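**Q** Here is what each chain is made of, one letter per residue.
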Amino acid sequence: MPTLSPVVILAFAAVTAHALGSLLGAMLIHPFAYWNAAAVFCFGVMSYIYLFGAVYKSISLRILLDLTRRPARTMEFSDISDRQIPEIFNERSAILIEGGLVDADGDTFVPTPAGQRLAARIARGRRLFAIGDTGLYDFDTLKSK
Amino acid sequence: MAFIVPGERDPVDVFCGVLLLTTAMLFWNVAWSLLAFGFTLTLLTALVQAGQPLTRSEWVRAYMQGSTLEKFARNRLQLLLGTGMAKTDRQNIVATPFGAIVATIVRSTRFLFGIR
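Chains A and B, in that order, are what the protein sequence lines are.
Just so you know, the first sequence maps onto residues 472 to 616 in the numbering used here.
Just so you know, the second sequence maps onto residues 289 to 404 in the numbering used here.
There could be a bad hint or two in this list.
[Unchecked claim] Within a straight-line C-alpha distance of at most 20 Å, the following computed SDA-like cross-link-like pairs (lysine to any residue) qualify:
#	chain 1	residue 1	chain 2	residue 2
1	B	375	A	529
2	B	359	A	516
3	B	375	A	593
4	A	528	B	357
5	A	528	B	317
6	A	528	B	392
7	B	375	A	516
8	A	528	A	516
9	B	375	B	385
10	A	528	B	309
11	B	359	A	552
12	B	375	A	547
13	B	359	A	533
14	A	528	B	337
15	B	375	A	555
16	B	375	A	530
17	A	528	B	318
18	B	375	A	544
19	A	528	B	348
20	B	375	A	545
21	B	375	A	552
22	A	528	B	397
23	A	528	B	321
24	B	359	A	531
25	A	528	B	320
26	B	375	A	549
27	B	375	A	539
28	A	528	B	326
29	A	528	B	339
30	B	359	A	589
31	B	359	A	542
32	B	359	A	554
33	A	528	B	322
34	A	528	A	486
35	B	375	A	540
36	B	359	A	593
By construction, these hints were calculated from the structure, which means they are not laboratory data.
This one's a predicted model, so the numbers in the text were calculated from it and none came from an experiment.
Can you build the whole structure from these sequences, using the hints too?
**A** Here it is as structure tokens:
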């Protein structure tokens with residue numbers, strides 16, 4: 472059974488909540504300042520998305536959470552690099568497979584046509600913002616400033 | 289801008305304008321962060337750029353552009369070390385009291401969002 476992507480569910484929920492909220496506001500408040508209400512609503516939705524993304528998927532925060540569960544809040548670096556990061560790699564590759572973006576064929580992985588289309592869109596977005604394709608934080612640039 | 293445009297201005301309008309601007313900044317920050325640091329998206333682009341089927345270890349190497357996951361771990365840890373949420377102690381990584389407070393806030397936020 473095809474599943475809706477979280478982005479579609481969130482967009483649908485936001486539009487529905489906005490429409491219902493605006494209707495309710497128009498019925499209860501006179502005069503109803505729609506654009507002011509829309510500004511507050513959009514800020515709330517964007518803050519939700521921002522916070523949710525940070526606490527749900529951030530790898531650094533995941534390492535921190537794991538660290539604080541350990542005795543004396545201490546972990547060996549090798550435990551992070553040899554166990555935790557490969558674990559995250561496996562989880563994220565599973566997301567790509569479940570999302571129909573990558574096919575697992577035995578021991579090998581290959582992008583599906585949908586995966587190739589998304590990768591092309593990402594590449595265009597990166598070119599637009601002049602972003603590199605490493606996915607790593609660039610601390611050297613920060614230090615040199 | 290609200291302060292140089294002539295005419296009457298309502299503090300509520302100014303406040304809502306600030307909210308709209310902040311919303312726009314958050315939106316582009318999310319989009320930019322996903323493109324720049326998105327782990328899952330970069331995994332996908334690395335696989336596509338390879339142009340051939342890859343095994344798991346080859347995929348890791350392609351993602352890291354020839355480097356290892358250890359470099360990736362160090363990179364992500366740098367964020368915790370740089371913000372004072374963690375510190376190094378020989379071969380160990382230790383969460384600081386500040387890091388413990390942040391972790392508690394993150395756990396509470398995850399609970400509020402219904403994230404396990």
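**Q** Next, verify each hint and record whether it holds.
**A** Outcome of the hint check:
As the CA atoms of residue 375 of chain B and residue 529 of chain A are separated by approximately 19 Å, the hinted pair is consistent with the 20 Å bound. Distance restraint check for residue 359 of chain B and residue 516 of chain A: the Cα-Cα separation of roughly 35 Å exceeds the 20 Å cut-off, and the hinted pair is therefore not satisfied. For the proposed pair residue 375 of chain B and residue 593 of chain A, the alpha carbon gap of about 34 Å is over 20 Å, so the pair is violated. Note on residue 528 of chain A and residue 357 of chain B: the hinted pairing holds, with a Cα-Cα distance of about 18 Å set against a maximum of 20 Å.
Taking the CA atoms of residue 528 of chain A and residue 317 of chain B, the gap is about 15 Å. The hint holds against a cut of 20 Å. Using a Cα cut-off of 20 Å, the hinted pair residue 528 of chain A and residue 392 of chain B holds, with the two alpha carbons roughly 16 Å apart. A distance of roughly 34 Å separates the Cα atoms of residue 375 of chain B and residue 516 of chain A; the hinted pair therefore is violated under the 20 Å criterion. Annotation: proposed proximity of residue 528 of chain A to residue 516 of chain A holds, straight-line Cα distance about 18 Å (limit 20 Å).
Our distance criterion of 20 Å between C-alpha atoms is met by residue 375 of chain B and residue 385 of chain B, whose separation comes to about 10 Å. Annotation: proposed proximity of residue 528 of chain A to residue 309 of chain B is violated, straight-line Cα distance about 25 Å (limit 20 Å). Restraint check for residue 359 of chain B and residue 552 of chain A: the C-alpha separation of about 8 Å stays at or below 20 Å, so the hint holds. At roughly 12 Å between alpha-carbon atoms, residue 375 of chain B and residue 547 of chain A fall within 20 Å of each other, so this suggested pair holds.
Only pairs whose Cα atoms come within 20 Å are accepted, and residue 359 of chain B paired with residue 533 of chain A is accepted, the gap being roughly 17 Å. Restraint check: the Cα-Cα separation between residue 528 of chain A and residue 337 of chain B comes to about 24 Å, which exceeds 20 Å; the hinted pair is violated. Under the criterion of a C-alpha separation no larger than 20 Å, the hint pairing residue 375 of chain B with residue 555 of chain A is consistent with the structure, at around 18 Å. Restraint check for residue 375 of chain B and residue 530 of chain A: the C-alpha separation of about 17 Å stays at or below 20 Å, so the hint holds.
With a C-alpha separation of about 12 Å, the suggested pair residue 528 of chain A and residue 318 of chain B falls inside the 20 Å cut-off, and the hint holds. Distance check on the hinted pair: residue 375 of chain B and residue 544 of chain A sit about 11 Å apart at the alpha-carbon level, within 20 Å; holds. Note on residue 528 of chain A and residue 348 of chain B: the hinted pairing holds, with a Cα-Cα distance of about 19 Å set against a maximum of 20 Å. For the proposed pair residue 375 of chain B and residue 545 of chain A, the alpha carbon gap of about 10 Å is at most 20 Å, so the pair holds.
Distance check on the hinted pair: residue 375 of chain B and residue 552 of chain A sit about 16 Å apart at the alpha-carbon level, within 20 Å; holds. A distance of roughly 13 Å separates the Cα atoms of residue 528 of chain A and residue 397 of chain B; the hinted pair therefore holds under the 20 Å criterion. Distance restraint check for residue 528 of chain A and residue 321 of chain B: the Cα-Cα separation of roughly 12 Å lies within the 20 Å cut-off, and the hinted pair is therefore satisfied. At most 20 Å may separate the alpha-carbon atoms for a hinted pair to count; residue 359 of chain B and residue 531 of chain A meet this at roughly 14 Å.
In summary, the hint linking residue 528 of chain A to residue 320 of chain B is supported, as the alpha carbons are separated by about 15 Å, within the 20 Å threshold. Distance restraint check for residue 375 of chain B and residue 549 of chain A: the Cα-Cα separation of roughly 15 Å lies within the 20 Å cut-off, and the hinted pair is therefore satisfied. A threshold of 20 Å between alpha carbons decides the hint, and for residue 375 of chain B with residue 539 of chain A the separation of about 12 Å falls inside it, so the pair holds. Under the criterion of a C-alpha separation no larger than 20 Å, the hint pairing residue 528 of chain A with residue 326 of chain B is consistent with the structure, at around 9 Å.
Taking the CA atoms of residue 528 of chain A and residue 339 of chain B, the gap is about 27 Å. The hint is violated against a cut of 20 Å. Pair hint residue 359 of chain B plus residue 589 of chain A does not hold up; C-alpha atoms about 26 Å apart against a cutoff of 20 Å. Of the pairs offered as hints, the one joining residue 359 of chain B and residue 542 of chain A is violated, with about 25 Å between alpha carbons and a cut-off of 20 Å exceeded. About 14 Å separates the Cα atoms of residue 359 of chain B and residue 554 of chain A, which keeps this hinted pair within 20 Å; it holds.
Restraint check: the Cα-Cα separation between residue 528 of chain A and residue 322 of chain B comes to about 11 Å, which is no more than 20 Å; the hinted pair holds. For a cut-off of 20 Å, the pair hint linking residue 528 of chain A to residue 486 of chain A is broken: about 24 Å separates their Cα positions. With a C-alpha separation of about 16 Å, the suggested pairing of residue 375 of chain B with residue 540 of chain A holds against the 20 Å cut-off. For the hint linking residue 359 of chain B to residue 593 of chain A, the alpha-carbon distance of about 23 Å lies beyond 20 Å, and the restraint is violated.
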